[in-house]
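Please dock the two separately framed chains into a single complex, following the hints provided.
Respectively, the protein sequence lines represent chains A and B. Quick note: the first sequence, position 275, residue 275 per the working numbering, numbers continuous. Residues are numbered in the working numbering as their position in the second sequence, beginning at 1, plus a constant of 309.
Honestly, I wouldn't trust all of these hints.
Unchecked claim - One-sided and incomplete, this derived list gives chain B residues near chain A with beta-carbon spacing under 8 Å:
| no. | residue |
| --- | --- |
| 1 | 443 |
| 2 | 444 |
| 3 | 445 |
| 4 | 446 |
| 5 | 448 |
| 6 | 449 |
| 7 | 469 |
| 8 | 470 |
| 9 | 473 |
| 10 | 476 |
| 11 | 477 |
| 12 | 480 |
| 13 | 629 |
| 14 | 732 |
What the hints assert, rightly or not - Derived DMTMM-like pairs: lysine to aspartate or glutamate, alpha-carbon spacing no greater than 25 Å straight-line:
| no. | chain 1 | residue 1 | chain 2 | residue 2 |
| --- | --- | --- | --- | --- |
| 15 | B | 452 | A | 233 |
| 16 | B | 415 | A | 244 |
| 17 | A | 129 | B | 443 |
| 18 | A | 146 | A | 199 |
| 19 | B | 707 | B | 622 |
| 20 | B | 437 | A | 237 |
| 21 | B | 437 | A | 9 |
| 22 | B | 452 | A | 9 |
| 23 | B | 452 | A | 99 |
| 24 | B | 452 | A | 268 |
Keep in mind that the hints were calculated from the coordinates and are not lab data. Where is the CB? At the ideal position from N, CA and C, for every residue including glycine.
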Amino acid sequence: MKHLVSILDLNNKDVNKIFSIAKHFEEVLERRVKKVPALIGKTLALLFIEPSTRTKTSFELAARRLSCDTISLSVSTSSLKKGETLEDTARTLSSMKVDCAVVRHPHEGAAKKLASLNLFPVINGGDGKGEHPTQALLDAYTALKKLKSLNGKKVSIIGDVLHSRVARSGIELWHRLGAKVTLVGPPTLLPRHLPEYVDVSYRLDEVMKNSDILYFLRIQRERLGGECLAGIEDYRDLYALTKDRLKNLRRDVVIMHPGPVNRGIELDPEVIYDERSIIEEQVFEGLSIRMAVLTLLLSEKGGFHEIPA
Amino acid sequence: MKYLLKKGTVVCPITCKESELDVLIDNGMIVRVEKGISDKKALALDASQCIVMPGFIDLHAHLREPGEEEKETLYTGAKAALAGGFVRVVCMPNTEPPLSTSFLIKAVAQSDASSLFCRVLPTGSLSKNREGKEIAELNLMAKAGAVAFSDDGSSIQSAGLMRSLMLYSLTTKKPLFLHEEDVNLSPQTCIHEGKASFVTGVEGTPSSAEAVMIARDILLAEETGARVHFQHLSSKESITLLRNAKKKGIQVTAEVTPHHLVLTEDETVSLNPLFKVNPPLRSTEDRNALEEALVEGVIDVIATDHAPHTKEEKTREFELAPPGIAGLETALPLLYTYFVEKKIIDLRRLVEVFSINPAKVLGKKVFAIREGERAELTVINTAESRKVNPEKFFSKSKLSPFQGFELYGWPEYVFVEGELRFLKGDFPLEERRSKGVD
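Bound-form chain B, shown alone (with noise of 0.2 Å):
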C-alpha cells in the first residue's frame, strides 16, 4: 500500500525540517520527503492544513485491563489513544490484579489492540503487588516486554526499600516512573492546600507532599545511578528541585500533564469531581511555575495521566468520587491551541515533549521523518476548530473537565508501524478486521 501525504507542513526537529513538503509512504516506509511528488498509484492525503509531525508517544496511561474493564480495555483504551494522536501509550501497572508478573505484562504487551490502533507498552509494577514492601520482578518483566517500572497511583513511602529499588533496577536499564506523594503529609483529599482548602474547608494537600519526594529521590537517583522519571509534577516546589538536579548533572527526567498546565486550583473550589485529580489542580503561581518549566527544557515530557472512570462513580460527591481525568482524546489539541497558537511554545517543542523525549526516556530510538524510516506519523489539522465533546470519545469514560472548549490541533491522519489506522476519525484496520477483509 502507498500512501502521498500532500503538501503538509513537515516538522522534525531530528532532522531540522519546518516546511510545505510531500511525504510519499510505500509498503510502510518513507520512501521521499521533498516538494511536489505525484504517484499516482499512491492514495493522495490532503494535508495542506496540517501539521505533519514524528509519532507521538503517551508516557502515561490507566488502561484498567485486567480487572476494570468497566471503566477501560486495552481496546478501548488503545483506540482512544490513537485517535488522540499517539503512536504509543505505556500503561500503567495499577490494575487488577496488578501487571506485577512477567505472565501479565506478556498478555498485555502481545494484546490484539496494538496491532490495530496505538501500541501499548506496559509498565511493570515496582514493588511487588505494588504494596510498597517488596521488589517485583523486575528482570522478568523487562524481558516481557516492560518499558518501564512504577507503582504510580501509590507512592513508595520506605526510603530503604525505593533505594534498593533503584539499585535493582540497574539490572534492567528500564527507567523508574514516580508518582511522587508523601502519605504522611497527603490526606489524599486531591485539594490543594492553599486557596481551595480554605474556600472549601476541605483538608488540602500541599506542595511539600509531592516535593519532599522528589528531593528524596534526586538524592537516591544521583547515588544509585538509576534512571528516575518524575511522573506528573503540579507544584513550582518540585520544578526548583529538578531544575536544581538537572544543573548539577542528576539523570532525571519528569512530566507534567495537560490539565495541570491548564487549569488551578480555581476549577476544584466549586467541589465539581470533574476535576477532581491526583496530584490537585494547583495555585496559579504553580502552574505558571510549570509553564516556564516547559519553554525552558526543565520539563522533558507531556504526558496525559489518562485516568478514565465510570459516570457513575465520577458524578458522586467529591470526597467520594475517585480522582483521574480522562486525557488521551484532548492532551494534543489543547497543548496545541494554548501553547502553540498562543506562541509559548513552537512546534518543535511540541514535537519534543511528545515524541523525541518521551522515546528518549524509554531508551527507544526517536521517531524522525526521512528516507529509510519506518511511518511513524501524527498529522494533526491546525485549521478548523472543534468543541470537546465527551459523548464522541472513544474512551471508556464519556466525561471531560474540558468540555465545551473550543480547540484546534484534532489529528487528521495517524501511521502507526507503518500503517494507516486513523483517518479522519475512522479506523481503516478495524473497519478492515470487521469486513472480514483481514
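Chain A extracted, bound-state conformation (with noise of 0.2 Å):
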C-alpha cells in the first residue's frame, strides 16, 4: 500500500507524475463544468487534528472536483477528546470502509505512525515541524509553470526555518529539482547541522540580488518576542519583503508565501498583490496537485510507480 507521508516517498519518476497529472487537472478546473468521475465511490476522511483552513479546504475541494466523498474529523468534534487514541480512530474509520485519509497533527509522526497500520492509504497534511508534502509539490509545480526549468535555480527560503514543516519538506524537494537552497533567518530559528548542499544566511539583504526565487514563510506572532527573536522591528528590519526592499528588487524575481500571510510582518501587503507575487497560483495548484495526489494513491492499481500517465 502507498503512502505520502514524506517527500522522500516519491522518486524523481512519482514527482514528474504527480506534476502530469496536475497539467491535466488544472485543464478540468477551468472548465464550465469543474468535476470528473475519477473517484467516484471512494471516500477520502480529514483527519485534522489541528487546525486548518487552507489545506483542508483544498483538499476537501480537491476530493470532490474527483467526486470522491470527503468525511471529517476535526479536534472538536472528534472522539481523540474523549480520550479514543489515533491509532482507534483510524481503526473505526477503516470499518466505515473509508478509502483514504488526509492527517493534520500536532505531533511530528503522528502521519507515519498511521501509514504504518496499512489500513488504507495516508497523506500527510502536516504532521508538528514535520513534513507537509504535498505543499512542497504545489510550490515546486507552481514555480516550475512560472521558470519552466528550476535547474540551476536559486531558492531562499526566508523566516522560521526551523518550525517549518513546510520548509523541511521543500529543502528536499528543490533540491531534487536541481535548485540551489540558502536557508535565511536568525541563526536561532534555523536548523543547524544541515546537509552540505544548504546554504545559509543571517540577512535578506545578502541574497536578495542572487535569488531567482524568494520563498517567504509565515512567521508564528508569539515566536516574535523572548528567546528566538528580538521584535518585530529587529525581524522586519532583517527580513521583511518590504515596500521598499520591493523597489530594489530584481524584475524576473518570484515571490512565494505558503499562506498565510502576516501582513505587515513578513511582507508589506504591496508585496501580496506585486506583479512578481505568485501567492495566489500557489493556492490554485494546491488543488491540481492534491487532485493529482488523491487520483494516484486512489486508483484502482494504487500506488505511484505502476500507473501510465
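Now the structure itself:
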C-alpha cells in the first residue's frame, strides 16, 4: 500500500507523474463543469487534529472535483477528545470502509504512525514541525510553471525555517529538482547540522540580488518576543520584504509564500499583489496537485509507480 | 594644522618600529615617520622623554549617561578617558534607562563629547532592558552604532537564553562582552571567598561563581560560533579554562583590569569601600595567574572597568557602598609602572593589550604609526613620576584606591581622529570651543 507521508516517499518519476497529472486537472478546473468521475464511490477522511483552513479546504475541494466523498473529523468533534487514540480512530474509519485519509497533526510522526497500520493510503497534511509534502509539491510545481525549469535556480527560503514543516519538505524537493537552496533567517530559527547542499544566510539583503525565488515563511507572532527573536522591528529590518526592498528587487524574481500571510510582518501588503508574486497561483495549484495525488493513491492499481500517466 | 612630534620613541608593533623617530602630522594624517625631520610651519612637540604609540582603546567603561549624571556624564567620561591616554572608549549599557534601543545607541554614538575628547563607542544591552529574559534588538542597535553587546553588571543566568543570544548576535557580526557571574554561587558581597571572607566574616564570592559561567560560555561559543569576549577576569580557574579554550582554537578573548593585576584581597580585609569591586579582588595566586596570562598572551586586553560613583555612596559602609573603581586615568601609568618598568612586559605588549587587541576584538582596523594613516596616537612621558591625586581627576568621581601611588608613564599628548586633543593636561579643542573660535 502506498502513502504520502514524506517527500522521500516519492522518487523523481513519481514527482514528474504527479506534475503531469496535475497539468491535466488544471484544465479540468478551468471547465464550466469542474468535475470528473475519477474517484466516484471512494471516500476520503479529513482527519484534522490541528486547526487548518487552507489545506483542509484544498483537499476537500480536490476530492469533490474527483467525485470522491469526504468526511471530516476535526479536533472539536473527534472522539480523540474523549480519550480515543489516533490508532483507534483510524481503525474505526477503516471498519467504515473509508478509502484514504489526510492527517494534520500537531506531533511529528503522527502520519507515519497511521500509515504503518496499512489500513488505507495516508496523506500527510502536516505533522508538527515534520513534513508537509503536498505543499512542497504544489510550491515546486507553481515555480516550475513560471520558470520553465528549476535547474540551477536559486531558491531562498526566508523566516522561521526551524519550526517549518513546509521548509523541511521543500528543501528536499527543491534540491531534487536541481535548485540551489539558501535558508535565510536568524540563527535562532534556522536548523543546524544541515546537509552540505544547503547554504545559510543571516541577512535577506545578502541574498536578494542572487535569488531567483524568494520563498517567505509565515512568522508566528508568539515567537517575535522572547528567546528566538528580538521583536517585530528587528525582524522586519532583517527579513521582511518591505515596500523599500521591493523597489530594489530584480524584475524577474518570483515571490512565494505558503499562506496565510502576516501582513506587515514578513510581507508588506504591497508585495502580495505585486506582479512578481505567485502566491495566488500557489493556492490554485494546490488543488490540481492534490487532485493528482489523490488520483494516484486511490486509483484501482494503487500506488505511484505502476500508474501510466 | 601641522604638528611635529620630536624625538619620541616610536613603538608600533604593526610596522615593527621601536626607535627614536620624529613624526610629522599634517591635516590629521601622519605624513612622515623618520629621524631628524624639520618643518618650520609645524608646531613642534617635544617627545624626547616620551613613548609614541598607536592610540589606546578602553573596551570597558561606565559613563553613566543617561540617568546617573551625578556619577559621570558622556562629557566628563570622554574627557577622563582622553586624559587617561585613550582615543576610544567603549561605554557599557547599564544606564537608566539601559542602552537597549537603537534610539539611545544613536544618541550616545553621536555625543558631542566624542568630537572634543575621546570618541565614545556605545555597547547595546544583550537582553532587552538588561532583564535577562528576552533578546534585545541587536541588529537595529548595531546599525545605530553599537560596537558590541553586553549585560555588564549582570550575567545572563539562563544557558538557553545565552545560546539564543549568541546565535542571534551572528546577524550583526558584533562581539558579546560577557560579565560572568552565577548568582546561585555569588552572594554579590564583593569579598573573595578565601582569606578575606575568613578574616572579615563577610560571606565570600567563590572563584567558581565566575569560572562555571566561563566554562558554560566557552562551550556555547564553540557550538554557536559567536564572538565572545570575557570581561574583567579575576580568578586562576577562569584563566585555566581560557587557556584551554584558546589551545582548542575556540574564538574567545578576554580582558583583565589594572586593579585585579595590581591589588589583592589583602586590601579588602579592612573593608575599605574604595576597594569594593565586582568581581572582587582575589588571592595572590589569582593575581599571579592573571599576570602570567598577561605575559603569555592568554589575556588579550587590559580594560579599565571604569565605574565612577559619588563620594557619598562610595564612603558608606562596605556592605552598602556600590562596587566599582574609577580607573580611566590611572590604568596606563599603573600598567607602565608595575609591568613595563619592572620588565614583566615590554612596550610592544603594552601596545598590543591597549591598542591592537582591543581594535581586533571590535573587528575594527588597527591603528598604526606610518605614512598615510590618520593620527591616532597615545604619547606618554616615562621620565617624570607623579602621585595619583584623585582630586585632580577629570572624571566626576574623585576617588581611587590608588591614591598616593607614585607612577610613571602619564599621558603627555593624545591625538584623536587626527586632532591634538590632549596636550600636557590641557584640552585644546575644548578651549577653542569655549573661546568661540570653532
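Hint-by-hint comparison with the structure:
1. 443: 5 Å, holds
2. 444: Interface hint status for residue 444(B): holds (4 Å vs cutoff 8 Å).
3. 445: Check passed: Cβ of residue 445(B) comes within 6 Å of chain A, closer than 8 Å.
4. 446: For residue 446(B), the interface hint holds, since the closest Cβ of chain A sits about 4 Å away, which is under 8 Å.
5. 448: 5 Å, holds
6. 449: This interface hint holds because 5 Å falls under the 8 Å limit.
7. 469: 6 Å, holds
8. 470: Hint holds; residue 470(B) Cβ to chain A Cβ min 5 Å, cut 8 Å.
9. 473: 5 Å, holds
10. 476: 4 Å, holds
11. 477: 5 Å, holds
12. 480: It holds, given that the least Cβ distance between residue 480(B) and chain A is near 5 Å, below 8 Å.
13. 629: Violated - the Cβ of residue 629(B) stays beyond 8 Å from chain A, reaching only about 35 Å at its closest.
14. 732: 43 Å, violated
15. 452(B) - 233(A): Satisfied, since the Cα-Cα distance of roughly 13 Å is no more than 25 Å.
16. 415(B) - 244(A): Satisfied, since the Cα-Cα distance of roughly 22 Å is no more than 25 Å.
17. 129(A) - 443(B): 23 Å, holds
18. 146(A) - 199(A): 24 Å, holds
19. 707(B) - 622(B): With a Cα-Cα distance of about 12 Å, the restraint between residue 707(B) and residue 622(B) holds, given a limit of 25 Å.
20. 437(B) - 237(A): It holds: about 17 Å lies between the C-alpha atoms, which stays within 25 Å.
21. 437(B) - 9(A): 45 Å, violated
22. 452(B) - 9(A): 46 Å, violated
23. 452(B) - 99(A): 57 Å, violated
24. 452(B) - 268(A): Answer holds: residue 452(B) to residue 268(A) is near 22 Å, not above 25 Å.
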